[in-house]
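> Residues per chain, in single letters:
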Amino acid sequence: MTGWIADFMNHPATYLKSGWFQISVTNLVVILLMLTIFACAVLIPFPKDKDGHKK
Amino acid sequence: MSEMWTAKLRNKWQKELPIEKLLPDDQPAYVASWIYVFGVLTLAALAMIIFSGIILAFQGPAWYHTSDNGKFVNSLHFWSVQLFFVFMVVHLWGKFWMAAWRGNRFATWATGAVAFIASIATAFTGYLVQTNFDSQWISFEAKDGFNSVGVGAWFTVTNLGQMLLLHVAFLPLILGVITFVHVLMVRKRGVVPPIDAHESSVSEVGR
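Top to bottom, those sequences are chains A and B.
Sequential numbering of the first sequence, starting at 1, is according to the working numbering.
Sequential numbering of the second sequence, starting at 1, is according to the working numbering.
Since the hints were derived computationally from the structure, they do not count as laboratory data.
Please note that a few of the clues may not be correct.
Unchecked claim - Far from chain B by the CB rule (all over 10 Å, computed), these chain A residues:
| # | residue |
| --- | --- |
| 1 | T2 |
| 2 | D7 |
| 3 | S18 |
| 4 | L28 |
| 5 | V29 |
| 6 | M34 |
| 7 | A41 |
Claimed, not checked - Quick list of the computed label-pair ranges, beta carbon to beta carbon:
| # | chain 1 | residue 1 | chain 2 | residue 2 | range |
| --- | --- | --- | --- | --- | --- |
| 8 | A | W20 | B | A62 | 26 to 34 Å |
| 9 | B | A62 | A | M9 | 20 to 28 Å |
| 10 | A | Q22 | B | Q14 | 24 to 32 Å |
All residues carry an ideal CB built from backbone N, CA and C; glycine is no exception.
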């Protein structure tokens, strides 16, 4: 692995900590991304054809 | 002759899952939902995982750790797993909030949930057989956990041979069978109607 990706990934994870709770920034980003995708899947209307029927 | 087990099985199969249900060309309007797109995406990711996994199994670690093509297929396998879990969890969340076990569909829900658990076991053993420092770290952390609950001697995470065989043979077989049954149950029971749907507006309820 070379370039900016290597620089970006080749270091220990950054952790957020509050009392007993601890989570890596990476895991937090993945969880928030999945919640965003889920919200999009629920809220974005499913495409319809010309006659108004759902495809 | 009709008492033969083959005839009984055939009659039961034809009654409960006729070919029209198994391969339908029409679905209720409420099937047009992104949540089901994510179900299909999960199956597509699983197909890619199996395809890339077969190539990795045939070529071996000396190929996928060193050559450019090997690293590509190895990464394809890894990232397909990441997408597989994202797609599956979005599908699972959606089905949970739809209460998808309604209408005699508990088996559909349960096979999906068990497939999720089997996927975690399969992915875990996959992380353990990467044959790199990452897998070494994960296995040495995990062994303490498994030993603390008393299963370390039986399920030995530092035993590469055991983990590799579980990952490439036993667990994919289990996951494949559960997934196949899950899809059959979707076909047999049909997709769950919306919670607020009126009985008269719901086609093929509990079919």
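> All the hints need checking, so say for each whether the structure fits it.
Okay, the hints, checked on the actual structure:
Separation of T2 of chain A from chain B is adequate, the least Cβ-Cβ distance of about 13 Å exceeding the 10 Å criterion. In this structure D7 of chain A is separated from chain B by more than 10 Å, as the shortest Cβ-Cβ distance comes to about 19 Å. Every beta carbon of chain B lies more than 10 Å from that of S18 of chain A, the smallest distance being close to 23 Å; the non-interface claim holds. The beta carbon of L28 of chain A sits about 15 Å from the closest Cβ of chain B, which is more than 10 Å, so the claim that it is off the interface holds.
Separation of V29 of chain A from chain B is adequate, the least Cβ-Cβ distance of about 12 Å exceeding the 10 Å criterion. For M34 of chain A, the shortest C-beta to C-beta distance to chain B comes to about 6 Å, within the 10 Å cut-off, and the non-interface label is violated. Residue-level check failed: A41 of chain A sits 4 Å from the nearest beta carbon of chain B, not beyond 10 Å. Distance hint check: the CB atoms of W20 of chain A and A62 of chain B are about 44 Å apart, inconsistent with the given range 26 to 34 Å.
Judged by the Cβ atoms, the range 20 to 28 Å given for A62 of chain B and M9 of chain A holds: they are separated by roughly 24 Å. Separated by about 56 Å at the C-beta atoms, Q22 of chain A and Q14 of chain B break the suggested range of 24 to 32 Å.
Going down the numbered hints, you'll see the structure goes against 6, 7, 8, 10, while the others check out.
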